[in-house]
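Mind docking chains B and C on chain A? Use the hints.
Each chain is listed here by its residues.
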Amino acid sequence: MSAEIQVPAGAPAHAASARFETWLWIAQRASAVVLALCVLVHLVTIIYAVRHGLTGAAILGRTRGNTAALAFYALYVLAIAVHAPIGLRTLCQEWLGWRAASLNWLIGALALALFVFGLRAGWAVFLG
Amino acid sequence: MRNDYRSRNHPAWWAFLVHRLSGLALSLFLPFHFWALGNALQGEARLDTLLKWTEQPLLKFAETMLVLLLAAHLTGGLRLLALEFLPWRGWQKTLLAWAAGAAFAAGLAFALAL
Amino acid sequence: MDMLKVSVWRGAASGEYRSYEVPRQESQSVLDVVTYIQRSIDPTLSYRFACRVGMCGACAMTVNGVARWTCRTHVAKVAKNNTLQIAPLANLPVIKDLVTDMREFFDKWARARGQFVSGAGTTRKDDFARVAADSPERVAANAGIECIGCGVCYASCDVVSWNPDYLGPAALNRAWTLVNDVRDGARAERLAAVAGDAGCHACHTHLDCSERCPKNIAPTASIAGLKRAVMLAALKGEL
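Chains as they are written, first to last, in our numbering: chain A, 1107 to 1234; chain B, 1245 to 1358; chain C, 72 to 310.
No lab work stands behind these hints, which were simulated from the structure alone.
It cannot be assumed that every hint is accurate.
What the hints assert, rightly or not - Computed footprint of chain B on chain A, listed as stretches where at least three residues anywhere in the stretch have a Cβ under 8 Å from a Cβ of chain B:
#1 1122-1134
#2 1143-1155
#3 1184-1198
#4 1206-1214
To be verified - Across the chosen pairs, the derived CB separations fall in these ranges:
#5 W1279(B) <-> Y1154(A): 51 to 61 Å
#6 G1287(B) <-> A1180(A): 45 to 55 Å
#7 C122(C) <-> A1269(B): 43 to 53 Å
#8 M1309(B) <-> G1203(A): 21 to 31 Å
#9 A259(C) <-> A1326(B): 24 to 34 Å
#10 L1330(B) <-> R110(C): 47 to 57 Å
#11 P235(C) <-> A1269(B): 44 to 54 Å
Just so we're clear, the structure is a prediction, and the values are computed from it rather than from any experiment.
Backbone N, C-alpha and C define an ideal beta-carbon position, used for all residues, glycine too.
With the rest of the complex left out, here is chain A:
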């Protein structure tokens, strides 16, 4: 015998919305794991670059034609394009009270823009 659960009225639990939020959460954590590695490499590279000359020639001499680094960079940009917009979305919801559907479209557009703009920067530095 299974008891009938009485659920009081209130915010309706939209299954589709719950699924969407769950996947956003998973994407946020998965990208965080990728970023943890990327940022660590980035921090080491920053300190190395600062020590070994921060000029256009020095930087481009290290990067131009370095396809392995470009592949790494592309993964880094992808993870950022996933991670940052989801975080900003939460911030908008909690601190600005902005929960309309328009927010999701804006965040999606931001993700796309970051990805494209980031790849363009990678193109400039690694292939140029």
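Quick look at chains B and C alone, frame taken from chain A:
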């Protein structure tokens, strides 16, 4: 009624605030970062002009802050992943100390490397 | 005699702090102070309590800005310069003075599917279910089971303030104890009910709840468990 700072004044809440504000600052910086790198498309000289421009003390300070924020967001994020995915009982404050220490060390390493 | 300066919230959503002088006594609890005001100074003061020994969860209030169970909170621990500020719990509508309307708080337990549902095909004629005390599920349930429903975690939680639909630490902690009940027959519905923006994924691990819980429960750990369980369900396509 709403809570005020008295309710929030504990280490994990400050860690949250650092994580959120550093995330926001890094997100705002990203477009500038990509734009600056994109300048390499116009040749080495253009990149050099830009790098010269960042030699100003104020910008050097801002750069150090950004490295510190990136390190803080990294270590704070690792802490969150550990809290959410590893079984835990009461070691969150130790973790917090490690996160803060590592972020500070990274900032220091950058500042000294200048 | 030493006197305590106590300012107490009077009114409902709108109101004001009113000051009272209460004699300081040894081993005095904050609930003793409130009781003294009502019995000896102003009988119109409304507040809620029942057991006075930390079992019933009725007497939680905001003391000097922090949500606490007042019956087990010594004045010596919280008073600064012999002053106390006592307010109703945050994040809940105020009915009068120190009494909040806890309907939404408990409704959220139900919305998180906080009731035990027996498994399909079981009857009352069945033998007792045997649950090993040291099984991982039982250990996880034990960690959250001592909740007295006082609302301190809910009142302390910033995510509740920022997202009024959020089910909150207590309801999610309750759901987690049931997810770990091997006799439970409503796992899928419960995981669906606690998923998403109003559920476990709204938690940012502020640890407000775990910091303030008078029973030393860590709802944050329970919510993290739900996040993992919901994630696995989503990855398997069961959400």
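Numbers of the earlier hints that this structure fails to satisfy, in rising order
1, 4, 5, 6, 11
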